[in-house]
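Peer 1: Sequence:
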Amino acid sequence: MMSTFFLAVGFILMISACARRAYLDITGRWVPIEGYVFGAVVSFIGALLILIGILLTAAP
Numbered sequence: 003m004m005s006t007f008f009l010a011v012g013f014i015l016m017i018s019a020c021a022r023r024a025y026l027d028i029t030g031r032w033v034p035i036e037g038y039v040f041g042a043v044v045s046f047i048g049a050l051l052i053l054i055g056i057l058l059t060a061a062p
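If you want the working numbering, it's the position in the sequence shown, counting the first as 1, plus 2.
Just so you know, the hints here were simulated from the structure itself, not pulled from any lab data.
Any given hint could be a false lead.
Ranges of calculated distance between the beta carbons of each label pair, as one might list FRET restraints [said to hold, decoys possible]: (1) G30 - T59: 36 to 46 Å; (2) L58 - I28: 34 to 44 Å; (3) F40 - F13: 10 to 20 Å; (4) G30 - P62: 36 to 46 Å; (5) L26 - I47: 13 to 23 Å; (6) S5 - I35: 28 to 38 Å; (7) L26 - A60: 20 to 30 Å; (8) A24 - L50: 20 to 30 Å; (9) F7 - T29: 13 to 23 Å; (10) I17 - P62: 28 to 38 Å; (11) L50 - A21: 18 to 28 Å.
Remember, it's a predicted structure, so these values are computed and weren't measured experimentally.
Just so you know, even glycine gets a beta-carbon here, dropped at the ideal spot from N, CA and C.
Take these sequences, add in the hints, and give me the full structure.
Peer 2: Spelled out as structure tokens, the structure:
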């Protein structure tokens, strides 16, 4: 159950960060560097949560 939670939250964070970046690139809106750093941090946290979910799933 917890592995599914970690996988879902990590997936949502990764998709939201990627979608935000794609939206900003497509629309050509200017974002300060802090926005890109925030997106990278959110993506990193999402990747960690996905990794934790995978490890919890593989645990006996």
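Peer 1: State for each hint whether it applies.
Peer 2: Okay, the hints, checked on the actual structure:
Separation of G30 from T59 is about 40 Å and conforms to the stated range, judged on CB atoms against 36 to 46 Å. At about 36 Å, the beta-carbon gap between L58 and I28 stays in the expected band of 34 to 44 Å. Between F40 and F13 the beta carbon distance is about 19 Å. The supplied range of 10 to 20 Å therefore holds. Taking 36 to 46 Å as the suggested C-beta distance range, the pair G30 and P62 does not conform, at roughly 50 Å.
A hinted range of 13 to 23 Å holds for the C-beta pair L26 and I47, which are about 19 Å apart. Remark: the range hint 28 to 38 Å for S5 to I35 is upheld by a beta-carbon distance near 35 Å. L26 and A60 have their C-beta atoms about 36 Å apart, which leaves the hinted 20 to 30 Å range violated. A24 and L50 have their C-beta atoms about 22 Å apart, which keeps the hinted 20 to 30 Å range intact.
Judged by the Cβ atoms, the range 13 to 23 Å given for F7 and T29 is violated: they are separated by roughly 33 Å. I17 and P62 have their C-beta atoms about 30 Å apart, which keeps the hinted 28 to 38 Å range intact. Evaluation of the 18 to 28 Å hint for L50 and A21 yields a pass: the beta carbon distance comes to about 19 Å.
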